[in-house]
Amino acid sequence: MVEEHQPENCNYYDLVILGASGFTGKYVVKEALKFLNTTSPISPLKTIALAGPLPSKGPLIEHQKKVELWELKLPLSDSMVDIRTLSTLAENPHGLPGVNESDEHIEKRKNFWLTMKPSHIRVMFGSKSFLDFLRFISVGMIISLFGRLGFGRWLLLKFPSVLTLGCFRKEGPSEEEVESATFKMWFVGQSYSRENLAASHKESRKPDIEIVTRVMGPEVGYLTTPVINSSSMCPYCTEST
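In our numbering, the protein residues as written are 1 to 241.
Just so you know, the hints here were simulated from the structure itself, not pulled from any lab data.
Keep in mind it's a predicted model, so treat the numbers as computed, not measured.
There could be a bad hint or two in this list.
As the list claims (entries may be wrong) - Derived lysine-lysine pairs resembling DSSO-like cross-links, with alpha carbons at most 27 Å apart:
no., residue 1, residue 2
1, 34, 73
2, 66, 170
3, 206, 73
4, 158, 66
5, 170, 158
6, 206, 65
7, 117, 34
8, 128, 73
9, 65, 184
10, 128, 184
11, 117, 66
12, 117, 184
13, 170, 184
14, 66, 206
15, 110, 184
16, 65, 158
Given the sequences, and given the hints that come with them, work out the whole structure.
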């Protein structure tokens, strides 16, 4: 039996809603409030909370002087994956147990996941040239506009190179292009040096420490992704045997 440690001075809720934004988020909150009844003894919900507050979304385009890049915010769906990951971590602070774990591995897993802290993640597209953003935004608007109609989607599939200003083409990259391509990613992490600063509710309180990590490698889609997938499976195969 695992003894659960419940920290003091913590608020507990019957329901916590994560990522309640946009039309879907408002609908979820509206439906949850129908079951909220603090006086009825048979009500399934007595307390409800919305996770937050979220940090400011920040500008759409900004310049990172430390990495000498212009950045454009990308409207990706990866944020929902991050929310599910963080909610799973909140429910399992010691990590998800594996099959046939040794005592040493259990202790190592617990110590590792206890160092993980909640975070907010933004994905940005970087370029040294500000003019690249004009092309990128134009392609995004074309795909969004043409993708709404069947005829527009047919045009995108029929003439991808023309409508995407050369960003995509039917035949894909050649072997020479794949071999010569590289990628760079910058991870800019901001946090607080002391816990009392992070617990402050003042919105003007900005993080006082920053760590920048650069990751480089070969072509990111055809070469790096298979390497990452294979490397991720190695610990699983080793531990399962």
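Hint consistency between residue 158 and residue 66 [alpha-carbon to alpha-carbon, up to 27 Å]: 42 Å, violated
Straight-line alpha-carbon gap residue 117 to residue 184, limit 27 Å: Roughly 25 Å separates the two Cα atoms, so the pair holds.
Given hint residue 184 paired with residue 128 - CA-CA distance at most 27 Å: 12 Å, holds
Pairwise hint evaluation, residue 206 against residue 66, where the allowed Cα distance is 27 Å at most: Distance ~18 Å between residue 66 and residue 206 Cα, so the pair holds.
Hint consistency between residue 117 and residue 66 [alpha-carbon to alpha-carbon, up to 27 Å]: 25 Å, holds
Pairwise hint evaluation, residue 73 against residue 128, where the allowed Cα distance is 27 Å at most: Holds: residue 128 and residue 73 sit about 15 Å apart, inside 27 Å.
Given pair status - residue 65, residue 206, alpha carbons within 27 Å: Roughly 18 Å between the alpha carbons, so the hint for residue 206 and residue 65 holds.
Agreement of residue 66 and residue 170 with the hint, judged by alpha carbon distance not exceeding 27 Å: 37 Å, violated
27 Å Cα cutoff - pair residue 170, residue 158: At roughly 8 Å apart (the allowed maximum being 27 Å), residue 158 and residue 170 satisfy the hint.
Pair hint outcome, residue 170 versus residue 184 [Cα-Cα no greater than 27 Å]: Status holds; Cα separation ~25 Å.
27 Å limit on alpha-carbon distance, applied to hinted pair residue 110 and residue 184: 32 Å, violated
Hinted pair residue 117 and residue 34, Cα distance within 27 Å: 33 Å, violated
The structure fails to meet hints 1, 2, 4, 7, 15, 16 from the earlier list, while all remaining hints are met.
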